[in-house]
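Could you put together the complete structure from these sequences and hints?
Same order as they appear, the protein sequences are chains A and B.
With our numbering as the guide, the letters of the first sequence map in order to residues 1 to 249.
With our numbering as the guide, the letters of the second sequence map in order to residues 1 to 317.
Certain hints may be false.
[Unchecked claim] Residues on chain A that point at chain B, a partial pick, calculated with CB under 8 Å:
1) Val15
2) Asp189
3) Arg212
4) Gln229
5) Leu231
[Said to hold, decoys possible] Residues of chain B clear of chain A, computed beta-carbon distances all greater than 10 Å:
6) Val71
7) Arg79
8) Asp94
9) Gln131
10) Thr286
These aren't lab readings, by the way, just hints derived from the structure by calculation.
Even for Gly, the Cβ is constructed at its ideal location relative to N, Cα and C.
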Amino acid sequence: MVLALLTVTSAQAQVITTSKVDITLLGMNCADAPPGELHLVVNGNDRLPVSIPQDPSNRCHYTGEIPDAPIEIRKTIFSVRFGGARSDCRVAGAKPDKDAPLLSVGKLTFSYEPQSARSLSATLKPKSFHLTYVRELGGKPGVSVACRENGDFAGSNTIHDVAWGSEALSLQFRSKPEERDAIWMKVDDPVWTMIQNGAPLTPSVIGEAYQRQVFADLGENRLIRVDEQSLVAKRLQKKGFKQAVLKPQ
Amino acid sequence: MTIMRLPLTLLLLLAAATAAAQQRPIFEAEDFVEPRLHDEPVFIMRLVAGVVRNPIDDYRPLDDDAAFVQVVNNIYWSRFQFGYKHTELRGKTDTPPAFLCGCSERGYFPTPPLANQTPAAPPPGSKDMLQFGWYRSAARAGRDPLTLRYRLTWIRQPIDRTIRSAATGAIVSHLSGDEQSFGIDGDTHVRVAGRDFFGLLAYAATRRRGTIDDRTQHELIYTHRFPGIAINTVLLRTTLAVGGVSHRGGTAVNVVNPLVEAFWHERHTDVNFHVVWSPQTTRDGTGWQTHHQIALFADRALFVSLFKSEPRDRATE
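Spelled out as structure tokens, the structure:
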């Protein structure tokens, strides 16, 4: 009895690490799976996804190595970018590695919905400005976990596979990477409409969006703070920010 | 530290209760700035202009429509705010002269309202307002601190009136009086069953002197702020003010004042547009009366200055 308890406790405390992942796509005919590799985001690092090659014999199946391994399987959060679609965030299960039975492989399954996301190309003026972004997804109990994915770049780049409606995207424009007091702007419906129309996000737009979100989302004091709106816009102008254009691709 | 701050806040509120915030004008743009948004002193000058149907001044109906221009100057420094506002209000009709009765008792025509009636609002004119605000951070478990503002306000409006003889129509005198108001207001917040309740508690004392209708008025009003909503880029807010105003022939609650405001920011010009509807119900010695105040106005920041310059980026476009 005591031995059994100790064994269970030991197994629960066991840290399972891996450098390999085994990914299966669900929810479609495998012939419809996107060809080529998929991009695996590990622990929310949206700028450095890992390319995982497709199994030539099974287009629903991808296996590959993770750089910076080993990772702790049960404490690592994964999501996938397919090019035109993205997954929710999940924690891998562990299965034995058939090539090395003493080791484990991180086993992941994701649903694939084609054309459910669009990449956003972002161009900042001036180019020295940084765009920092956060992508937040909710979790579904027993299926997926809530997660927060981050990225940052200067000048121009692409935010891949944004699933508007199922993820929340927030943007921050910084004159230098170490700037800490920059304002976060959530991409809400009016901002998303502007993005779809190719309209530039100017300091005035950002000030307006900030005020709207403080008023309607946060509801702090429930005041329409016109001076705050002007201050946020002026601060960006003073730092030299002109505009950001985000275009869906 | 927190324990020390609470009595200080209460002391400030109580001390000012011996002096006297006035009913916010329906066209006041909200000048609250979260101190976390600025490390440096900030100066903002704002122009507000528009028209009001059936305006009400401090719970006293003007019985006229009016147009107004207001210049708002605010300095935000650390947790403090210093404001100066100048308002020019003009009615559709000029203020008529008052006529002095030649009777044994000194009396004027038109006759001022009785002591238990709602006094007449001061005639449309110039008004100056000085404000001092202090922002306090209130800690919250698991959330950013909440910032609440407390303000002291002083308002002065000169009131000039020509007095003519009721018998001959000749000018008898000019009265150069004024109305001054001292007020204090403070944001309130309570959290009950996981829900936030925000409001404003305001006390004001107003005294009019050197006029044909010298009056004093004390008011204690709580304004509840309901959650705001955004319909696309239009913001909607509603408030409900309830309280008591003195010298209206009673001591109970005699002011009930809901307010609905729609707000829209025009991005190309940076002009904010407001439409406000405020049906105000007050009671005096003659009973309850409702006046519908409707305002349409616009505001825009003329100057926004951050006093301490920051190093500008070596930006290349």
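The hints, checked one at a time:
no.: 1; hint: Val15; result: violated (30 Å)
no.: 2; hint: Asp189; result: holds (7 Å)
no.: 3; hint: Arg212; result: holds (5 Å)
no.: 4; hint: Gln229; result: holds (7 Å)
no.: 5; hint: Leu231; result: holds (6 Å)
no.: 6; hint: Val71; result: holds (14 Å)
no.: 7; hint: Arg79; result: holds (15 Å)
no.: 8; hint: Asp94; result: holds (32 Å)
no.: 9; hint: Gln131; result: holds (13 Å)
no.: 10; hint: Thr286; result: holds (35 Å)
Consistency with the previously given hints fails for number 1 only.
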